[in-house]
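Colleague: The lines below spell out each chain.
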Amino acid sequence: MKKGAAKNLRAFVMELVVYAVLVTSYFFLVLHLLGQWLFHLEVRHRYIYAAVAILLIAGQAVVLDTVTSLLFRFLRGRRR
Amino acid sequence: MFFPISNTHINPIYLVVVGFLIGILGGFFGVGGSFIAGPALRLMGVDWNYAVGTDLAHIVGKSIVAARQHRTLGNVDLKLGFFMALGTIGGAEGGAQLIQALKRAGNVNTVVSYVAIIVYFSIATFMLWESRKTLKTDKRQSRSGAKGVQSKKDRSAFGPVTQRIQRVEIWPMITLPTSGIRISLWTILLVAFIGGLFSGFLGGGAGYIRMPSMVYVLGIPTHLAVGTDLFEIVISASYGTISHAIKGNVDILIALVMHTGAVVGAQIGVVATQYFAGPKIRLAFVPLPLIGAAIVIYTMISGHKL
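Protein sequences appear in the order of chains A and B.
Quick note, in the numbering used here, the first sequence goes up one by one and the last residue is 750.
Quick note, in the numbering used here, the second sequence goes up one by one and the last residue is 487.
Note that these hints are calculated values from the structure, not bench results.
Computed from a predicted structure; not experimentally measured.
Where chain A lies over chain B, by a calculated footprint (3+ residues, C-beta under 8 Å):
#, region
1, 184–195
2, 241–250
3, 409–423
4, 435–449
All residues carry an ideal CB built from backbone N, CA and C; glycine is no exception.
Please work from the sequences and hints to get the whole structure.
Modeller: Given below as structure tokens:
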């Protein structure tokens, strides 16, 4: 039981490190590119902005959830 | 990092850390965490209207992750969640109307503040009493050799009252196999409506009202109440996000950055629920409404809206 918990914790720390690298690149690439476009959308086309906003946050949730789950499974599996 | 929509400079690490903390709370307790996110954004100079709308958008993302995780653990009652969402949206509109009426009367801040303090303290006191009593009874029973409490079919000291509420036969009666109860649709809608009313009236998702009322009024096991509340929050917060975005109150870039931290936090929160029995989760829940009350009292005394 303790061995399993330690393995999980190690995998989790590794997941955090990999995840931090992914998120940092995400900030600089995606948000930097999307920023101005979303700003103009918010100023000029509010209804489209509302639809894009909800799609973006829901899409990001599904993608990041899948990425973190896969990362965790991969890292845990590799240590077995 | 500059966020052009709300015209603010915020360190993204700060946003990720705030998102992470709220994610843990959300995954573990099934709440949106607006009582932390709102003040945290205000602290960085985000205007109040953007803080409210952006927080809602972030809640949608975090609740999707937490609800998906809870679903894999069998903690989401989809049927109940849909009915709850209907009642919540109706209630939220009612709460917003109530705010408008109080605005016209000119005493909105005083009334909302006093109602919030009374509600938060009542919930905290009641949950403290109930969870402690249930834990004491469980301990006594385990000492006398009775069978231990199942982690998802938890007991509550308020159980007899809940059973009486479940026996109220008003057509149509709904069977919820996942939650293991049969109850009137009107009871579900009423509970959701009251939760929504407080959400529209006090702001935020009002998870600290809805989650306890699902446990004590509807009789949903705590783990299922947490998961189902998160699923319901996805629907009602999406509605709120769209509504606020149309009014120009959402900086989606801030919400996206906050959400990257919330994804990890929510997963930790969900996994943590597996190690605690229902009454212990309810006991740990007690400080949340008290934090909400403390924020309102601070606002009243200092005159600063956090």
